[in-house]
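Asker: Taken in sequence, the protein lines are chains A and Y. Heads up: the first sequence is residues 10 to 680, going by the numbering used here. Heads up: the second sequence is residues 54 to 282, going by the numbering used here.
Think of the hints as simulated: they come from the structure by calculation, not from any bench. Take the hints with a grain of salt, since some may be wrong.
[Stated by the list, open to error] Stretch-level coverage of chain Y by chain A, calculated; a stretch enters the list once three of its residues show a Cβ under 8 Å from a Cβ in chain A:
| # | stretch |
| --- | --- |
| 1 | 93-105 |
| 2 | 120-134 |
| 3 | 205-215 |
Every residue, glycine too, gets a C-beta built ideally from N, C-alpha and C.
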Amino acid sequence: MFGKLSWSAIPFDQPIPLITSLIIVVVVLGVLIYTAVKGWWPYIWREWITTVDHKRIGIMYCLLGVLMLIRGFADAIMMRTQQAVAINAPGYLPAEHYNQIFSAHGTIMIFFAAMPLVIGFMNFVMPLQLGVRDVAFPTLNSVSFWLTASGALLVNVSLFIGEFARTGWLPYPPLSEAAYSPGVGVDYYLWAVQISGIGTMMTGINFVTTVLKLRCTGMGYFRMPMFCWTTLASSLIIVAVFPILTATLAMLTLDRYFGFHFFTSDAGGNPMMFMNLIWAWGHPEVYILVLPAFGIFSEIFSTFSGKPLFGYRSMVAATLFICVVSMMTWLHHFFTMGAGAAVNTAFGISTSIIAVGTGVKIYNWIFTMYGGRVRFDTPMLWSLGFIFTFVIGGMTGVLLAVPPADFIVHNSMFLVAHFHNVIVGGVVFALFAGLEYWFPKAFGFRLHEGWGKTAFWFALIGFWVTFTPLYIVGMAGMTRRLQHLDVEGWRPYMQVALIGVGILIIGAICQVIQLVVSIVQREKLRDVTGDPWDGRSLEWATPSPAPFFNFAVTPNVEGEEPYWGIKQKAIESQVLSPEPDYQPIEMPVNSGVGFYTAFFASVTGFALIWHIWWLAVLGLIGAFIAFVVLAWRDVHEYEVPAEIVAKVDRARRAAREAFLERVEREGRLAS
Amino acid sequence: MSNVDFPASVEAIRRRREEPGQAGHHDHGGPVAGAGHGDTGPATKRIIVGYGFWIFLLSDIVMFSCFFATYAVLQHATAGGPGIRQIVELPRVEWETAFLLMSSFTCGLSFAATNARNVLWTQIFLVITGLLGLGFVLLEVQEFIGLTQQGIIPQRSGFLTGFFSLVGTHGLHVSAGLLWLGTMLAQVQVKGFRREIVHRLICFNLFWHALDIVWVGIFTIVYLLGSIG
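Just chain Y, same shape as in the assembly (with noise of 0.2 Å):
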């Protein structure tokens, strides 16, 4: 099935009849077959997995505002220790953010691998935005290590609760996402471009990427803001 080359004429036929719904690739003139809306009918497989997991990100997105909001609650609880300019060290942030912008990237250019059915080029584009993600975890622990060394711990005041579970919970997700790239790495290899692993990889695209706005909003919020208030 993978690396074999057909024509873009044969490709376009087999993906409009993989995802008749596919949003944004059909002419507005009403309700489609497969997407599920209006009175269509149920919406195929891959259309319900992405929409499912569309919500379960739109969740995941609440819960991280929670953590945002007891920041800016807690920004200035300092009890008397340090506050956020002490901490930011704002070139490991450019180089965190550059790592993980640049696996977003790459995370979509596997898709775009996927979609030519190509196992190689599928997997080393994974594999790169393994190893940026995993760039961006090590260099966190880093900071967040350092830091400890310096007495800035958790438990110190509220406002570094606040900072550290913020920062901490989004490096958490990208630990469980590199995780389960691990899993999509050896699922692919094993089992090929299969139906359900081609929905997987739609759903781990989704979720890296979300993780990165997450982190722009981090970065924004505690770092740039931090650093100049």
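Chain A with its partners taken away, still in its complex shape (with noise of 0.2 Å):
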């Protein structure tokens, strides 16, 4: 009847995962019982969860990336707290608990905390520096966000029903084969990423169409904002190499479940086809998450040295060449497999070569800075810290490049400090960042400045404090994974990193006390014009946080940086344009077809995880009805009248008045 499932799944003689996953279920509980309570549900539901509005949508996705970012980082803690404490002892974690965290670790920080930070930020910033009112396909990008929550509760389940996978963040073969890892650990993290990814690839597909075929009036390629260049490089790669995760999944499923060879190591298999295969997808993800980074800091750098961006054309040139050679360098993971100096040397050429596109952008974002002036506001301090930071990862990444001394370092703590190098001080800088940019325009008021500063200075100098001993070690010999060390004389660099997380933590209460205090303090923070940081692209020609049709008149863009010129135009004139003719403007209607779709897909996930057959046939039905429900409806858009957005706009138009009255009262033109 419940397949494999039992009570002795729910792990009762384990202290840690038991107490942890309690008080996870109690917080959940006593949150929806509380909304329930407040009567919230009717909004939420309304609002939210239904909703298919691309600004909302952003913010559930970086909601979500947020939660599983602390659940990721709650596991970096403990890897690092054992291996500090674990020197020719035992330590506090079982290897069988040990090797889960690491596992989780990897795969919760990429697939549900990176990933969908990135994308919500792609959700709610593209459409509105195109200067359009949603993305090509509103509906769809419901049922992508909620397929990836329906991935990220999966993971989450394990903690409590079961184990997670005991094999890394990807699962090699033959130890994930069904052989080695009877259990139902390399199950949930097929399913969840398979769940995730299909999720993820339906979003690329939505962008891609979005960035090609839906911008505004006048927006040609070559004045699309840097950060739209990277979202549809990014989507683009997610179109190529999504679809690729999702057949090595399949294939390892198969293996699993119905004793299929693909990666076995007998009767044919082989296991080094899945390395191929799985980084094949592997190192073009990695872009996937730094571009939309590249952009986000191209809009920051640009912005905060009040210049446009040096050398726009060389920066979208960078781009797609980065989008193109990221599918080209997929070896340098296994460089130890055995393929021969030839084929080595070409990878190790194509991993160096690529690292000339990112010397680009860097010495791009570096020129403009030079003559402008510069601000150094919380997003910019990120900015820099990024520079510094991700130049010396490049460089270790550079080293590893040369397939020789990759020997030397393969699966070494050096390794886990470059990407950690990376990915934090690349992709994680970014995502900071960009909170504090465009936090105003979603909730209608800035962060505190001064808790966000002290919180990047914690982040910085703990991210360096942790990293660097690692680094050490691993040119030491140190291997990656370990529960245990052996050698008395990496302690030092043992207790060193935990002093680093520990830093890392005080960053990580800033950032909450942060937005605790922003909140508090809202009305002192209130962004009144809708342009806080003197932006340049579009988005910051709406009110904040902007109205859920963004645009009460599709924007008619003249030239690069289209609301620069509009604003320098109004500033100079003291005048804004002319009050437009409002009309009716027609917005997609709700569905709840994403959660429905996710319901059932956690279900049929869940069932197969634990070989529940005929729950997966009932959650499969349920799924294939959704849609069929969805095709039936006839209600497609909505009609906003023209009185709602004339007032929306009349208020923006206001706002700014105020803002061109200021300049001309306090004389700033007369000189």
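Dock the two chains into a complex; use the hints.
Answerer: This is the structure in structure tokens:
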């Protein structure tokens, strides 16, 4: 009846996961009950769960990402603590639990923290920057989000019911085959990642179509803000490589469930084929994450230097160059496979060459600041910290790209330090910078500067204190994923790294305090004009928070940096452009199909993990019915009356007029 | 709306209004409004839907290429079991190919009827398409059952894993297409040629033709080369 599921799946004998998951269950239940008591559920259902508004979906993605970032960070703290105490000692985490933790840490950080945050930003910002009212397929967008949430749910359920994979964040066979990992851990991994991966693929399709087919009038390709270019490149990579992930995971699933021989070590299976396939997805994946991060930094450097982005076209070229070459470097993840000198050399060269594109970008950002009036607000601090951190991470990457050197530090803590250096320094710093930068556009008030800057300094210093020792022990020969160490000499390094984690924890606490303080002081931090940073692209032309239809009248773009141009004209002439003739607006109607699909996907995934076949069939039928019901609806759009559009836009214009009056009153243009 | 005959001149104007940016049907003097390229503003809904579906098909073909690649890698990993030559039954494959290619043709005819806004002929050709597709799936199922009875199963060797997975993935796609086709029949019958129904018919047509292209690859690489290799 319940397949492999029984009471023994609950970890009664392991206090750490048991207590953690009990706390999580209590907190989640508490939140659900509190929301119900307050009577907020109808509002949440109507305005959030069934929404197809790209901004709200973006915000929900970011919320999911931040929650999972905390979960992944908790795993990281446990690993650092274990390695600092388990030197010639067993430590406090048994090996099978430790292995689950490092697997969960990687899986959660990449699939459920970094990806949702990156996609959240693309969702929120890109249509605003393109001057349009939504993405190409708003309902599909909602389906994508809820499928991602479904995957995240499954990963977290594994904490309480059953176990997670012990195979690392990429389940290498033959270890991940049924013969060597008979438990449900790898199955949790497979279905969670498969479900969220399908969501991501649909996001990629959605965004490529949006950028290429849905820009406002006048928004030619070479007038798009840099973030839209990087969104396009990142989405193109998603479309090209996520199908590889889907196929590869499906193959491993067939191996595990039906005894196929794709990756087994007997009967003609080929484990190295898994390494090739998974990294043909996995390497481009890091560029899926880092390209939008580059886009965020491009926006910030330009805005906070008060200058157009230096070398815009070379930036576009570098982005597309990285987009293509990212798919030609995968073999550097296993130079030790034995492909031979010629193959290794080719991939070593392609890996080094991709750094050229990144180098172009670094110089462009530096030259953007050169001669500008640089303002050191929090987003700019994260960006400067990024340049410093990322350049060093990039250089250790070029070192690893040399096959003979890679043979020595392959699979060592040096590698671990390297990719944290680029992903934390590149992606995570960008996400924090972006949160700071676009927060007022989402919620109508800025985040507290003082706490933001404090958090930045703790994060930057904490990062280096944590990972410098790991570089050193990696060079000294410490391999990754060790549950205990037997080299006494590494103890000081492990302890310094633990101190670094402590500093990072203080940074994280500062960020929480920043959020709380900002909410308390929101009236003081209110963004009245909708343009808090003196921005240059179209999202700053809207009020904060942006109305659900984004633009009362879709803009007509006449040059690069469209909003900067409009603003310059208005300040110079001291008048806004004449009030437009407001028309009713058609907006897509809400849809619960995303939520229903994800519900049935979660049920199906859980049933397949535990071999509850009848439930899996029911789940699939449910998902199919949800789609047919969606197909059957007759109303796809509703009309926003012209009066409402006019009311919202007049408020926006009043705020801008007040700004112009202040400029005049204070005589800023007089001299 | 349906079954009303208008002269071609009226039809031509209607179609140009519905899809001003239709590729290949305008003079090449530069970007056209409604096509969504250049700086002429957002594309029409029809272009957006079709374009998005093209992108999906590209991603689907990347997925198939993974199965092709694994088949190529595992082709000779027979582990002492049967090889491709013991599997290929060319007459059956020829029938399968004929069914699928014919179904693509009738699918195209159904869309011609859709363009003429003729419900009856659209439905007739969609049903024929479905029957041909069903014939293909049944032939493939029969093949798989026959092989299983001879003990030729995917669990036997890496090669058989690759073979069954590649051919089976295509078969699953065709089956999913049949399910989709069924819902399209119902939608056309109940709702007629509303805008979104026509868009879905476009997507279905693209999907069905793409499956044909994949089959041509399977036919050539697995069966034809297998029969001579």
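Asker: Now look at each hint and say whether the structure bears it out.
Answerer: Cross-check of the supplied hints:
With 8 residues having a beta carbon nearer than 8 Å to a beta carbon of chain A, the stretch 93-105 of chain Y meets the requirement of three or more and the stated coverage holds. Check on the stretch 120-134 of chain Y: 8 of its residues sit with their Cβ under 8 Å from a Cβ of chain A, so the three-residue criterion for coverage holds. Counting residues of the stretch 205-215 of chain Y whose beta-carbon sits less than 8 Å from any beta-carbon of chain A gives 9, enough to reach three: the coverage restraint holds.
Hint check: no violations occur; every hint is consistent with the structure.
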